[in-house]
Amino acid sequence: MIPIITLTTDFGTSDAYVAAMKGVMLGIHPEARLVDISHSIKPQNVLQASFVLSTAYQFFPPRTIHLVVVDPGVGTERRAVILRTPLADFVAPDNGVLSYIVREYPAREESPNSSETKLGPGLEAVAITRPEFWRPEVSPTFHGRDVFAPVAAHLSLGRAPADFGEKVTSLAVLPVSLPLRAPDGALSGIILHIDSFGNLITNIRGEMLPEKRRNVTVEIGDRPINGLSRTYAEGYGLLALVGSSGYVEVSLKEGNASALLGVKEGDRVKITPRTPVGE
Amino acid sequence: MIPIITLTTDFGTSDAYVAAMKGVMLGIHPEARLVDISHSIKPQNVLQASFVLSTAYQFFPPRTIHLVVVDPGVGTERRAVILRTPLADFVAPDNGVLSYIVREYPAREESPNSSETKLGPGLEAVAITRPEFWRPEVSPTFHGRDVFAPVAAHLSLGRAPADFGEKVTSLAVLPVSLPLRAPDGALSGIILHIDSFGNLITNIRGEMLPEKRRNVTVEIGDRPINGLSRTYAEGYGLLALVGSSGYVEVSLKEGNASALLGVKEGDRVKITPRTPVGE
Amino acid sequence: MIPIITLTTDFGTSDAYVAAMKGVMLGIHPEARLVDISHSIKPQNVLQASFVLSTAYQFFPPRTIHLVVVDPGVGTERRAVILRTPLADFVAPDNGVLSYIVREYPAREESPNSSETKLGPGLEAVAITRPEFWRPEVSPTFHGRDVFAPVAAHLSLGRAPADFGEKVTSLAVLPVSLPLRAPDGALSGIILHIDSFGNLITNIRGEMLPEKRRNVTVEIGDRPINGLSRTYAEGYGLLALVGSSGYVEVSLKEGNASALLGVKEGDRVKITPRTPVGE
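Chains as they are written, first to last, in the numbering used here: chain A, 125 to 403; chain B, 125 to 403; chain C, 125 to 403.
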């Protein structure tokens, strides 16, 4: 089996920061396959990184290692961790950047006011504390290169997470905005992410919709869209559909919905059942 | 032989769409080499994708597989196809995204009004119809991940195109603007592509020029350029030359011709023979 | 050992220029590992390419081959060279794009007015002159694809630099702005590079600072910053620190220092010792 390490950062690709991490990893494990997920996470946007990663990681072979470096607190006392799930391993700062991953599994305990989640069954984590796997000199401003990359590379050689430090039982998890359902069945959510096509991806999952999907109205930026389409090519103008990651999204046929509507991430979206007129 | 799969899409690299396709392919064929051609095709610009691909594919080793996903009609009845040429294989929607490739070979039959071209000798194509090579669940909005990527990966394992579906004898080909030659020898063409340097790549090929290349005037945006240069470093200001893909292009020495001239793709260009003054 | 070839260019990633080079290299050496350093060097900015490369190359395994194609003089009489250092090999035009690399080693001889540096001990270079390693047809506008890429690939197969051409004893080196130290200990430098976070990386190296780093004031764009931080997460607002490549840089906590200050590359920076008030 050829081990795969993916990379998700807010480093961009103009500078050589990503390349330095890759050089370090290939020095430790020359056979590792390195695959970029995204380096265009907005600077310090931990939650965006978490979301983007969550839309891709399950399409990689089991036991792929996902290296995530969006790390505004680099060099401070924030922990560095390895998270092992039934499907994959994650190497990342413990700053919430794994929120969407951790939330896919039932927590042992979670308080809405706490920023920590006690890991439930199936999840294991360790704090990265043993410096023998790091680069000999660690810059306080670039743990991606000096700590996370070498740890991911050593992990890809088959070492156990426990070799890298002490077990931890909880991880930082940021509050993720979940849609609310009103008594009349209406769903209130937000725009979670705007992709490079300008598609508005909401936090409302397809499973939450009524079975007869044509019987809903999606409202975003005061523009009602009646019924859900199956593809981007149906009808005219704005359309709503369940996208490839399972979330309801709003799209403009052959255009950019974000530019048309002038909306932004965090803006409200509402899905209401329609009064069936006959049928 | 290590099989190579290239990727050309309009997905950008901010989101994880490209990574999801790569994850799927590495799950099926862990040894495949994945090489990005471009993910910055303008959204839905099938013809630009075709052109960009046509400038690179022949530099890859024989039998490289080129995966092209610019697919505004995803999920509709547009076909998905594999095209096999003497040099390479292409996996793509049948929406014209292979126009520049197909046009390199003589067609069996072509009507100027038809959007389909009957494939001539040397070209074989199949419609991708057998779902056993797809991901078990196919999103109607992301065949790149659920159909094209797994098909390309299985193809790279050595399967024959015929394993993936029925043979087809014609493919969608979009009208490609060809230059016209006037009775006086003048050539009228258009700007086909503006590259990231701001070079204006026209649809006039170097082979169409008179042998004495100094004896032409290139006019673009009302600015005449006398004679053709050999390199980007000659003379001052605007220059014209035959670029590395064989097309006449206009460039600004140490600058951006596109920004200077304010022209855009599709704008007219004219090349006229000059009255030789002595020589 | 799996040979690695890195790529640094000003080609961008929208067009297929980088992919064409990769295709050529994989045709010659299918096992070579290709790693992008940056393709977002500003067009023709030889010195930026040199700087960006210098911040990454030492993190790659020994004997990595670094292909650098920022080449405004392509097709002219400027030389193409291979530089072999104790750590790595470089394949590049001889136009100063290796300035930061060559300057890491003592020169045999250097005149401040000359644009050439006689290579000192430890460095070897050859001019790439033997066309049997190039592509059969060489475009005068794309040596990256037709000369540099095939030479790098053949070099990665184990050939000696001397196989590619005649030894040369000096290379083009551009003047690099070095900081000045005034009699009172104040350091005057410039902004060398602005990274994608908006961090302002100066040409003043951490080693030049007094040991008590808190006792300095960093002035950039008329905004004094007192004392040096250790991480990006300390204090409020603007901060100065020694970054991961060893240079003093100015950063805005959770923001973009470049946007806030409106400064640009080449702008002045000053670091002065502070009068210790007690301590």
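Just to be clear, a hint being listed does not mean it is correct.
[Said to hold, decoys possible] Below are the DSS-like pairs computed for lysine-lysine, each with C-alpha atoms no more than 27 Å apart in a straight line: (1) B:Lys388 / A:Lys377; (2) C:Lys291 / C:Lys242; (3) B:Lys336 / B:Lys291; (4) A:Lys291 / A:Lys336; (5) B:Lys291 / B:Lys242; (6) C:Lys377 / C:Lys388; (7) A:Lys388 / A:Lys166; (8) C:Lys166 / B:Lys166; (9) A:Lys336 / A:Lys242; (10) C:Lys242 / B:Lys377; (11) C:Lys242 / C:Lys336; (12) B:Lys394 / B:Lys377; (13) A:Lys377 / A:Lys394; (14) C:Lys394 / A:Lys388; (15) B:Lys388 / C:Lys377; (16) C:Lys166 / A:Lys166; (17) A:Lys388 / A:Lys377; (18) B:Lys166 / A:Lys388; (19) C:Lys291 / C:Lys336; (20) A:Lys166 / B:Lys166; (21) B:Lys166 / B:Lys336; (22) B:Lys377 / C:Lys336; (23) A:Lys377 / A:Lys336; (24) C:Lys388 / A:Lys166; (25) B:Lys394 / A:Lys377; (26) C:Lys242 / A:Lys166.
[Stated by the list, open to error] Derived Cβ-Cβ restraints for the label pairs, each shown as a range: (27) A:Glu155 / B:Arg254: 53 to 61 Å; (28) B:Gly379 / A:Leu384: 30 to 38 Å; (29) C:Glu155 / A:Gly370: 55 to 63 Å; (30) C:Arg347 / B:Gly379: 28 to 36 Å; (31) B:Ser301 / A:Arg283: 54 to 62 Å; (32) B:Gly379 / C:Ala286: 43 to 51 Å; (33) C:Pro299 / A:Glu155: 40 to 48 Å; (34) B:Arg232 / A:Leu384: 57 to 65 Å; (35) C:Val262 / A:Pro260: 39 to 47 Å; (36) B:Ser301 / A:Leu384: 28 to 36 Å; (37) B:Arg398 / C:Ala286: 43 to 51 Å.
[Claimed, not checked] Reference listing, derived: stretches of chain B covered by chain A, where coverage requires no fewer than 3 residues with Cβ under 8 Å from a Cβ of chain A: (38) 189-200; (39) 283-294.
These aren't lab readings, by the way, just hints derived from the structure by calculation. Quantities reported herein were computed from a predicted structural model and do not represent experimental measurements. Glycine included, each C-beta is placed from N, C-alpha and C at the ideal position.
Cross-check of the supplied hints:
At most 27 Å may separate the alpha-carbon atoms for a hinted pair to count; lysine 388 of chain B and lysine 377 of chain A meet this at roughly 24 Å. Restraint check for lysine 291 of chain C and lysine 242 of chain C: the C-alpha separation of about 12 Å stays at or below 27 Å, so the hint holds. At most 27 Å may separate the alpha-carbon atoms for a hinted pair to count; lysine 336 of chain B and lysine 291 of chain B exceed this at roughly 47 Å. For a cut-off of 27 Å, the pair hint linking lysine 291 of chain A to lysine 336 of chain A is broken: about 47 Å separates their Cα positions.
Under the criterion of a C-alpha separation no larger than 27 Å, the hint pairing lysine 291 of chain B with lysine 242 of chain B is consistent with the structure, at around 12 Å. For the suggested pair lysine 377 of chain C and lysine 388 of chain C, the alpha carbons sit about 19 Å apart, so the restraint of at most 27 Å is met. Annotation: proposed proximity of lysine 388 of chain A to lysine 166 of chain A holds, straight-line Cα distance about 14 Å (limit 27 Å). As the CA atoms of lysine 166 of chain C and lysine 166 of chain B are separated by approximately 22 Å, the hinted pair is consistent with the 27 Å bound.
The hinted pair formed by lysine 336 of chain A and lysine 242 of chain A fails the criterion: a straight-line CA distance of about 38 Å is larger than 27 Å. Our distance criterion of 27 Å between C-alpha atoms is broken by lysine 242 of chain C and lysine 377 of chain B, whose separation comes to about 30 Å. A threshold of 27 Å between alpha carbons decides the hint, and for lysine 242 of chain C with lysine 336 of chain C the separation of about 38 Å lies outside it, so the pair is violated. About 20 Å separates the Cα atoms of lysine 394 of chain B and lysine 377 of chain B, which keeps this hinted pair within 27 Å; it holds.
Proposed proximity of lysine 377 of chain A and lysine 394 of chain A is supported: the alpha carbons are some 20 Å apart, at most 27 Å. Between lysine 394 of chain C and lysine 388 of chain A, the direct Cα distance comes to roughly 40 Å. Violation of the 27 Å bound is thereby established for this hinted pair. The hinted pair formed by lysine 388 of chain B and lysine 377 of chain C fails the criterion: a straight-line CA distance of about 40 Å is larger than 27 Å. Annotation: proposed proximity of lysine 166 of chain C to lysine 166 of chain A holds, straight-line Cα distance about 22 Å (limit 27 Å).
Distance check on the hinted pair: lysine 388 of chain A and lysine 377 of chain A sit about 19 Å apart at the alpha-carbon level, within 27 Å; holds. For the proposed pair lysine 166 of chain B and lysine 388 of chain A, the alpha carbon gap of about 22 Å is at most 27 Å, so the pair holds. A threshold of 27 Å between alpha carbons decides the hint, and for lysine 291 of chain C with lysine 336 of chain C the separation of about 47 Å lies outside it, so the pair is violated. The straight-line distance between the Cα atoms of lysine 166 of chain A and lysine 166 of chain B is roughly 22 Å, inside the 27 Å bound, and the hint therefore holds.
Proposed proximity of lysine 166 of chain B and lysine 336 of chain B is contradicted: the alpha carbons are some 37 Å apart, above 27 Å. Straight-line distance between C-alpha atoms of lysine 377 of chain B and lysine 336 of chain C comes to about 49 Å, which puts the hinted pair past the 27 Å bound. Taking the CA atoms of lysine 377 of chain A and lysine 336 of chain A, the gap is about 23 Å. The hint holds against a cut of 27 Å. A distance of roughly 22 Å separates the Cα atoms of lysine 388 of chain C and lysine 166 of chain A; the hinted pair therefore holds under the 27 Å criterion.
Between lysine 394 of chain B and lysine 377 of chain A the alpha-carbon distance is near 36 Å, which puts this suggested pair outside the 27 Å criterion. The hinted pair formed by lysine 242 of chain C and lysine 166 of chain A fails the criterion: a straight-line CA distance of about 44 Å is larger than 27 Å. Distance hint for glutamate 155 of chain A and arginine 254 of chain B: a CB-CB separation of about 33 Å, inconsistent with the stated range 53 to 61 Å. In this structure the supplied range 30 to 38 Å holds for glycine 379 of chain B paired with leucine 384 of chain A, their Cβ-Cβ distance being about 34 Å.
Between glutamate 155 of chain C and glycine 370 of chain A the beta carbons are some 39 Å apart, a value that contradicts the proposed interval 55 to 63 Å. A C-beta distance of roughly 33 Å is found between arginine 347 of chain C and glycine 379 of chain B, which places it inside the suggested range of 28 to 36 Å. Checking the proposed 54 to 62 Å range against serine 301 of chain B and arginine 283 of chain A shows it holds: the Cβ atoms sit about 58 Å from each other. Take glycine 379 of chain B and alanine 286 of chain C: their Cβ atoms lie about 39 Å apart, and the range 43 to 51 Å is violated.
Checked against the hint of 40 to 48 Å, the C-beta distance between proline 299 of chain C and glutamate 155 of chain A comes to roughly 42 Å, which is consistent with it. With their beta carbons about 43 Å apart, arginine 232 of chain B and leucine 384 of chain A fall outside the hinted range of 57 to 65 Å. Distance hint check for valine 262 of chain C and proline 260 of chain A: the Cβ-Cβ separation is about 44 Å, which falls inside the suggested range of 39 to 47 Å. As the Cβ distance of serine 301 of chain B to leucine 384 of chain A is approximately 29 Å, the hint placing it in 28 to 36 Å holds.
Our hint of 43 to 51 Å for arginine 398 of chain B and alanine 286 of chain C holds, since their Cβ atoms are close to 47 Å apart. Requiring three or more residues with a Cβ within less than 8 Å of a Cβ of chain A, the coverage given for the stretch 189-200 of chain B holds, as 5 such residues are present. As drawn, the stretch 283-294 of chain B meets chain A at 0 residues by the rule of a beta-carbon pair under 8 Å; below three, the given contact is violated.
Hints 3, 4, 9, 10, 11, 14, 15, 19, 21, 22, 25, 26, 27, 29, 32, 34 and 39 from the earlier list are contradicted by this structure; the remaining hints agree with it.
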